[in-house]
Structures are given as C-alpha cells and as structure tokens.
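Based on these hints, arrange chains B and C on the given structure of chain A.
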Amino acid sequence: MRNVVDTTPEGNMVLNVGPQHPSTHGVLHLFITVNGETILNLDPNIGYIHRSIEKMCESLSYRQFIYSTSRMDYLSAHMNNHGCALTVEKGLQIEVPERAEVIRVIISELTRLASHQLWWGSLAMDLGALSPFFYAFREREMITDIMEETCGARLTMNYIVPGGVMADIHPDFQRKVKEFMVQFKSKIGEYHELVTDNVIFQNRTKGIGKLSKEDAISYGCTGPTARGSGLSCDIRKIYPYSAYKNIQFNEIIETEGDSFARYMVRMREMEESVHIIEQLIDNIPEGEFQAKTKAVLKLPKGEFYTRLETARGELGVYIVSEGGTTPYRIKFRSPGFSNLSALNHMVKGHKIGDLVSVMGTLDLVIPDIDR
Amino acid sequence: MENEHLLNSLQTGFPEAAIAIGSDWPEMSIESTQLLEVIEKLKGSDKWDFDYLFCETCVDWKTHFTMVYHLSSTQYRHSMVLKAKVDREIPQIESVVKFYKTAEMLEREVYDLFGIQFLNHPDLRRLLLTEDWVGYPLRKDYHDPINMIKL
Amino acid sequence: MDIKVSEPSTPFPGTIHETPGGGILLSSLDDVINWARSNSLWPLVFGTSCCAIEMMSVASAKYDFSRFGFEVFRASPRQADVIIISGTIVNKMAPVLKRLFDQMPEPKYVIAMGACATSGGPFFYNTYSVVKGADHVIPVDVYLAGCPPRPEALLHALITLQEKIKSGLTREQIRSKMSEEYGK
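Residue numbers (our numbering), protein chains in the order written: chain A, 1 to 371; chain B, 1001 to 1151; chain C, 2001 to 2184.
Hints should not be assumed to be uniformly reliable.
Some, not all, of what chain C presents toward chain A, calculated at C-beta under 10 Å [stated by the list, open to error]:
no. : residue
1   : A2061
2   : K2062
3   : A2075
4   : T2088
5   : S2119
Capping the alpha-carbon separation at 20 Å, the derived lysine to aspartate or glutamate pairs in EDC-like fashion look like this [to be verified]:
no. : chain 1 : residue 1 : chain 2 : residue 2
6   : B       : K1083     : B       : E1094
7   : A       : K348      : B       : E1104
8   : A       : K301      : B       : D1024
Honestly, the hints are just simulated from the structure, not real lab data.
No residue lacks a Cβ here, since even glycine has one placed at the ideal position from N, Cα and C.
Bound-form chain A, shown alone:
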C-alpha cells in the first residue's frame, strides 16, 4: 500500500485522502495527484469494507440472504430488500397481495426521505455548517420511530420478504405518518432558507464538478447524479414495478450538471416522496400482508434480473439459479460503483476543497460500493 507522500517526476505531490477521514462518508481511500492545490488526477482505492457478501450468499437460502443485503446500502435498506424479494418472486411467479405492495412503497419512500435527510445533514457538515446536521436528525428520528414500531428495528430491518411483508402495519402507523408529513412540510422551507439560499453554499457548489449527459451515460451514472446532468433514468417511471404503476409523480431533472443541480434534484425528490406517500397513505387496501409460500424456496433453473430505484440510483439484483435451495451466483449492481468511476473525470482541475463538495453531492455509501 502506498502510504507516504510521494512526488511524481514532474514535481507534483501524491496525497492520501482517507481511509479514516471525516468527509469520505465511510472508508474510501483516494490517491490525489496535486500541483499546489489543484487536483490533476484521482485514483480511488476501495475494498476497505469488502465483506464478500456475494460469496457468502452462495451458501445461504433464499429467505436468509435478505439480511445481508440490508447491510449493503444501509441507508436505503428497505429498497435493497425489495429488490431481492422482487427477484425471488419473479423466479417463483408469486403474486404479491395489493396491501403488501402499497405498504412496501410507503415504507420505501419513507426510507428515501430518511436517506436524503441524512445526506443533506452530512453534506452541510462537510462544507462547514454544523447545525443542519442536527436538524436533519430531528426529522430522521421521527421516521426511525415509525419504522421501529412497525418493522422492529431502526436501521437494518428485514421487513420486506419474498411474498409480501413480514408483519402487518402497526395500528398507529397511518396517524404517525400523517403527523410526520405535517411536520416535514413545515420544515422543508427551513432547509431551503438555511442551506440552499446561503451565498457561501452556492459559491461552493455552483459550477463545480460538471458532468455532461454523454459522460453520464458512458460512465453508467444513475440516480440523482445522472438526473442532475439531464439524463432521464428514474426506474420508477421508466420500468415501473410494484405499486408505482398506479400513482402519479414527476421525475426531477436538471440540466446544469454541476453540484448545485444534483443538490436541487435531491431536495425536490424529497418533496415528490411526500407527494407519493400522500397519495397512498389513506388508500391502503385491505387484505393479506403476505402471500402463502412454501417454507423452503427453490428457484427454477435460469437467470433473473430486477432493476429498481434506491435513494442513490439504480440497483440491480442478478440471480443465477441451478434449481437448488441456494443461489448459484448473485451479483448486486450497485449505484455507487458507477457513480464513483465518474469522480476522477469530475474533479480534474478543481481544488481540494471542491473535492469535498463533489463527493458530498454524489452521495456515496462505501459498503454499497464494496459489497
């Protein structure tokens, strides 16, 4: 491992950022080649949290491997579980009841809100403003309280399982979600006043880290990172799944391609999530919360792929099955992996302080990249 301050033959310096660093959002190690303070090249070194999940899942049954996916992108844990459940259901041709579909979408959108709030708080903290971090956690704690009552845990909850959801919602669920929405709608204006309209924040993010639409397609970028550059790639709209087929919402696209555009995409996505939950929360259909399935699931021989939209972008779950009770090969196509590959291109020519702003708006969660 290169671990000393190096110099290249041209007289530039090679510095280490991380792996233990407050702004790398996990253990990301970057070798940056700098000339003065201008970045010339960036080389990510990942693998510091590679927990060999894909190999481990080859020895777990189809009901057991869901817990390990909760821990991959832990901020959108429900959406990871949803992806695995959809793939297994596709293989077994299981019909999921209406009630379970609606509950799944409400819980996924609440998770998206929680993830975006934590992103907002830590982005502001990286750029020097400490107070938004506490405001973000104030709302996030309300969501984790709702999750804890219904799903049983605060962060890694294996609630969405093949066939439906694990248990019915708590009787207080609808009331608490409505209270949360009222509180959130009154606070989102505060978020904009505090950070978005702040002149220091705008100077640090406008014009920084431009990513053009062709580069976003070539680098395979997804999620708000690509939507900030004008690429329309929201899987909920283009290839709808689950209860998203029956509801109305807008896909947020900005065309500038800089950090501020990616920031605004996420802020407006939070408002769209509130809109989605409002359409569904009063109309949860009655019925079963889980379809009847066998105790031991055996997928038929073949390959199954599911695409869905997590808070960071497009997640893909690819299962190759040979007919047994455990998968032959599982691959998780993670959104952060391809977003990270575009980072080198985005920061060339900028200063080290701009690197923090670009990494913050990419919203990387490193265990999602390393699996």
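Coordinates of chains B and C only, in the frame set by chain A:
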C-alpha cells in the same frame, strides 16, 4: 422496441448468433473473439443504439466462464443481455473500455475476483482485495481454510 | 470540636470533612485523575459501516452524548482518547486500524461496537475477507452487542467505560500498575 420486435431485429442483424428470449430480455450468446465487433454494431447502429452498460459480470460454470453484459438504450428504452463464453484454461477476453467508460472499474472487479485477463485494458490491477492476495475468491474451486469458516 | 465526615453530594471522589469555616476534601490523586479522565473522553471519527449511523444518532440531539463529556469527535487520532470501532473490520482495513490505534496517545481506550467488531457478526461464516472480531487487531475494553445496537446501548457502553476508568480496571491502568510492581 418491444421484446419480440427487438428479438426479430437482432436475429436479422446477427444471423449466426444464438438469440432467444430469457426471463426478461433477449439474450445473445457469442464467442469471446467476436465481442468487439458485436458491441460496435450494437452501440453504433441507429435502430438499436445500446449506449448504456448497466451491469457486467461473470459466472463460473466449472468448465468455462461466461461474461455477461447487460445493455440498455437511453433513447428507445429497450434492453438486452449479451453473453460471451470464455475458456477456463486461458481466461482472456477483450476489454470494452473504449465503448463504455464504466467498464474500467467493472472489469477490474471481475479480474480481481475471477482472474479473467482483459486485453487492452488501460489499468488492470486488483480493486477490492489487497495487492498481495493469492487466488481468485469467487471461483468455484477457491479453497481458503484459514479465513473461511464453513457453516 | 465535632468534625463530621459526610459523603459528598456530587460524585466527586473523596470524602468531605465539615469543619467550621468551610470543608476539607480528602482524596487520592489517582481517584481524582481517573474521575477527570472518565468525564472528558473524546472519541475518534471512525465508522466503517452501519453502526456508524447509530453512532451519529447518539451524537445528535435526541440521544445527545455530549452531556456525558464526549463533547466533540476528533478527526485526528493524536487528539482522541477513545476509539469506537463501529463496523466490520476486513483484512484490508486491519493495518489501518492498528496504525490509528498506535498513533493515539496514552491513556487510550477502545469500545467494540456492534456484532461485527465483537466477533465478525453476521459475516462470520463463509467469508474470506472479514476479521472475526476487532480484538484480533487491538485490545478492547468494552464489547457491545447488537446489529446495530440501539443508541441507548451505546450510551450504556460509554458509561460502563467511564465506571471502568474510575475504578482503575482498564487494560492500560492494570498494565501500568503491573509494570510499577515489577519495576520495584
């Protein structure tokens, strides 16, 4: 384009390749030597325009490897799967970095975990494991009695 | 003269002798130093995976831990007292953890938070790259179970560490006592 329509269109375009509908999308199986020309045709043509590589991985079938590429078009919104068979004794295949820049890190990951050499890759080295790791863990014959505790 | 000995009303270690014109506090220097150290432990920013989110929740306003003295997270190991290992340690990260621990100045303490840092956790079987427990790398003072542990559980672990320090039972205190005895 719908799946049936895309399937017919691909069959006319590539008469000698094996194309069928898999569980979601048309799947095309080719030899590893034909990879670059097939991708050039798929990406460059106007009626298909597969410009978005959204997943690249490898499956170990014990007698051979299969590289699997999932391609999609941002304009027409259709997708397909491309499979290339790679020999197990000498695992080598051309790199697709010049068509899709995302393949750079994806192919490094496949090299790291399976040991497949990608020819003409700009920077092929280990990504997730330490540089002095011996062996390729995701192969089916990988044996590690020290680290792996069997269930 | 009637000298009354009473327990202090604050948890400050020592006994107060009530004398006219004020009181006299008697204590041993070790106790006072341990009391001061335990009430101002500054943790290092070290979170590898999911438990780091619960650690951030403990730092935020609902389960605030700065009321116990853990006021600020320090980014540099040279300025930190306690390292809370939150998250899985893998083979590639183990030398980094060792180097961070070596860079911290004495007295230093370690809390292993979560199932992964205690023993490898859910990634124990069939993984080739996970270190099965952070105590294979550095010595640990307090183990905390949970996946992830609730914020209140982390507060309980921190208070246990505080009590351990006050009673002189952490590893480095025992080690320094033993080296004094052997030195004689």
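Hints and how they fare:
With a cut of 10 Å, the hint placing A2061 of chain C at the interface with chain A holds, because the nearest CB-to-CB distance is about 5 Å. Because the closest C-beta pair between K2062 of chain C and chain A is about 5 Å apart, less than 10 Å, the hint holds. With a least beta-carbon distance of about 5 Å to chain A, the hint placing A2075 of chain C at the interface is held under the 10 Å criterion. Residue-level restraint check for T2088 of chain C holds (minimum Cβ-Cβ distance to chain A is 6 Å; threshold 10 Å).
For S2119 of chain C, the suggested interface contact is broken, since its CB lies about 14 Å from the closest CB of chain A, more than 10 Å. Pair hint K1083 of chain B plus E1094 of chain B holds up; C-alpha atoms about 13 Å apart against a cutoff of 20 Å. At most 20 Å may separate the alpha-carbon atoms for a hinted pair to count; K348 of chain A and E1104 of chain B meet this at roughly 18 Å. Proposed proximity of K301 of chain A and D1024 of chain B is supported: the alpha carbons are some 14 Å apart, at most 20 Å.
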